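Chemist: Be aware that the sequence shown starts at 332, since it is given in this note's numbering, and climbs by one per residue.
Calculated directly from the structure, the hints in this document are not laboratory data.
These numbers were taken from a predicted model, which means no experiment stands behind them.
Mixed in with the good hints there might be a few duds.
[Said to hold, decoys possible] Label pairs and their computed distance ranges (CB to CB): (1) E378 <-> E436: 34 to 44 Å; (2) K619 <-> M528: 41 to 51 Å; (3) K402 <-> K597: 30 to 40 Å; (4) E385 <-> G562: 11 to 21 Å; (5) L352 <-> P375: 23 to 33 Å; (6) R412 <-> H458: 37 to 47 Å; (7) P357 <-> S377: 33 to 43 Å; (8) E436 <-> S377: 11 to 21 Å.
[As the list claims (entries may be wrong)] Using 16 Å as the maximum straight-line C-alpha spacing, the simulated EDC-like pairs for lysine to aspartate or glutamate come out as follows: (9) K579 <-> E397; (10) K402 <-> E436; (11) K597 <-> D612; (12) K579 <-> E604; (13) K460 <-> E436; (14) K409 <-> D438; (15) K579 <-> E395; (16) K579 <-> E394; (17) K610 <-> D565; (18) K460 <-> E585; (19) K619 <-> E598; (20) K411 <-> E397; (21) K579 <-> E535; (22) K409 <-> E385; (23) K409 <-> E395; (24) K460 <-> D438; (25) K411 <-> D438; (26) K411 <-> E394; (27) K476 <-> E436; (28) K460 <-> E378.
Ideal Cβ placement from N, Cα and C applies to all residues, glycine included.
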Amino acid sequence: MTFLTASFFTQHYTDYLLRSLQGPIPHNDSELLRYIRDEVLHEPSSEPYNFLGENSLASRMREESELFYNKSLRAIFKDKRGGFFVEAGALDGETMSNTLWLEVEQDWNGLLVEADSAAFLALTTKHRKAWAANVCLSPNPYPSKPNLPHVSFQEIFNQLPHHSGPSASPIGYKIRAMNSLLKFSSNMILANSWFEMVQCLPLESILLAMGVRQVDLLVLDVEGAEMAILGHLDLHQFNVQVLCMEWKRRSELESVSRNFSQRGYKEVARTTEDLILVKQDSPYAHVKLTAD
Numbered sequence: 332m333t334f335l336t337a338s339f340f341t342q343h344y345t346d347y348l349l350r351s352l353q354g355p356i357p358h359n360d361s362e363l364l365r366y367i368r369d370e371v372l373h374e375p376s377s378e379p380y381n382f383l384g385e386n387s388l389a390s391r392m393r394e395e396s397e398l399f400y401n402k403s404l405r406a407i408f409k410d411k412r413g414g415f416f417v418e419a420g421a422l423d424g425e426t427m428s429n430t431l432w433l434e435v436e437q438d439w440n441g442l443l444v445e446a447d448s449a450a451f452l453a454l455t456t457k458h459r460k461a462w463a464a465n466v467c468l469s470p471n472p473y474p475s476k477p478n479l480p481h482v483s484f485q486e487i488f489n490q491l492p493h494h495s496g497p498s499a500s501p502i503g504y505k506i507r508a509m510n511s512l513l514k515f516s517s518n519m520i521l522a523n524s525w526f527e528m529v530q531c532l533p534l535e536s537i538l539l540a541m542g543v544r545q546v547d548l549l550v551l552d553v554e555g556a557e558m559a560i561l562g563h564l565d566l567h568q569f570n571v572q573v574l575c576m577e578w579k580r581r582s583e584l585e586s587v588s589r590n591f592s593q594r595g596y597k598e599v600a601r602t603t604e605d606l607i608l609v610k611q612d613s614p615y616a617h618v619k620l621t622a623d
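Build out the structure end to end from the sequences listed, making use of the hints.
Modeler: See below:
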């Protein structure tokens, strides 16, 4: 891309302004990638894991989607070792995690993305052996900084038994999973929310900054922004093998599945709100799963 230089103007302007006049920062901008490496990415921890495990009430209150993904992904990946995952909507890195077992049991590495600052702080205390980023995935092919509504928990906890100790935070994170970007939020969420501006980055920018070209498993739980995020992601450039996503608008699941069929993916499993897609030329394409 060619940028105008200050010699064209009567006054001096910064390179940043002149570049901005050309439009949004492209996803592969070299300075953007350096910023991501230096300021955004947290390296995998070398400290021992710090999980609540069965001491957490949340671990004993499994959601339908947790059970579905655990069973399905174990059948798909079986004894596959050393793969790479991306989990967006990682919460605290333990509660409702779809990638933790791959990391702990099968030596996978990966990227955990969590926009919520409180959840991300908790994630850093778990000492996951994966990269982590406290950002949201951009629904656009360029960086932005939109509002993230946060659900107000006060009324919820007034109506439920308020558990103290190790059970309280994980239950809160399950509720916090309802957070989504303002553009994709329901009226119910907006009516009981406070707002925080969050940095959003294209997933392709983060992967380029990391030097990652193959993603064995991409898990998206971003409350409505899934199609916007995937719409500008080149799934073949980054060789995404298996894609999992939640889709709350149930009437649209069929059209979502057809859309990805046109992009080279086939559906292998589905529940009322969850979808698993596998790249048609993937070694996992032969797997056929059905929800119980």
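Chemist: Would you mind marking each hint as holding or not holding in the structure?
Modeler: For each hint, the structure was consulted:
no.: 1; hint: E378 <-> E436: 34 to 44 Å; in the structure: violated (19 Å)
no.: 2; hint: K619 <-> M528: 41 to 51 Å; in the structure: holds (44 Å)
no.: 3; hint: K402 <-> K597: 30 to 40 Å; in the structure: violated (19 Å)
no.: 4; hint: E385 <-> G562: 11 to 21 Å; in the structure: violated (40 Å)
no.: 5; hint: L352 <-> P375: 23 to 33 Å; in the structure: violated (39 Å)
no.: 6; hint: R412 <-> H458: 37 to 47 Å; in the structure: violated (21 Å)
no.: 7; hint: P357 <-> S377: 33 to 43 Å; in the structure: holds (34 Å)
no.: 8; hint: E436 <-> S377: 11 to 21 Å; in the structure: holds (19 Å)
no.: 9; hint: K579 <-> E397; in the structure: holds (15 Å)
no.: 10; hint: K402 <-> E436; in the structure: holds (15 Å)
no.: 11; hint: K597 <-> D612; in the structure: holds (10 Å)
no.: 12; hint: K579 <-> E604; in the structure: holds (5 Å)
no.: 13; hint: K460 <-> E436; in the structure: holds (12 Å)
no.: 14; hint: K409 <-> D438; in the structure: holds (13 Å)
no.: 15; hint: K579 <-> E395; in the structure: holds (13 Å)
no.: 16; hint: K579 <-> E394; in the structure: holds (14 Å)
no.: 17; hint: K610 <-> D565; in the structure: holds (13 Å)
no.: 18; hint: K460 <-> E585; in the structure: violated (36 Å)
no.: 19; hint: K619 <-> E598; in the structure: holds (9 Å)
no.: 20; hint: K411 <-> E397; in the structure: violated (20 Å)
no.: 21; hint: K579 <-> E535; in the structure: violated (25 Å)
no.: 22; hint: K409 <-> E385; in the structure: violated (24 Å)
no.: 23; hint: K409 <-> E395; in the structure: violated (21 Å)
no.: 24; hint: K460 <-> D438; in the structure: holds (9 Å)
no.: 25; hint: K411 <-> D438; in the structure: holds (9 Å)
no.: 26; hint: K411 <-> E394; in the structure: violated (25 Å)
no.: 27; hint: K476 <-> E436; in the structure: violated (36 Å)
no.: 28; hint: K460 <-> E378; in the structure: holds (9 Å)
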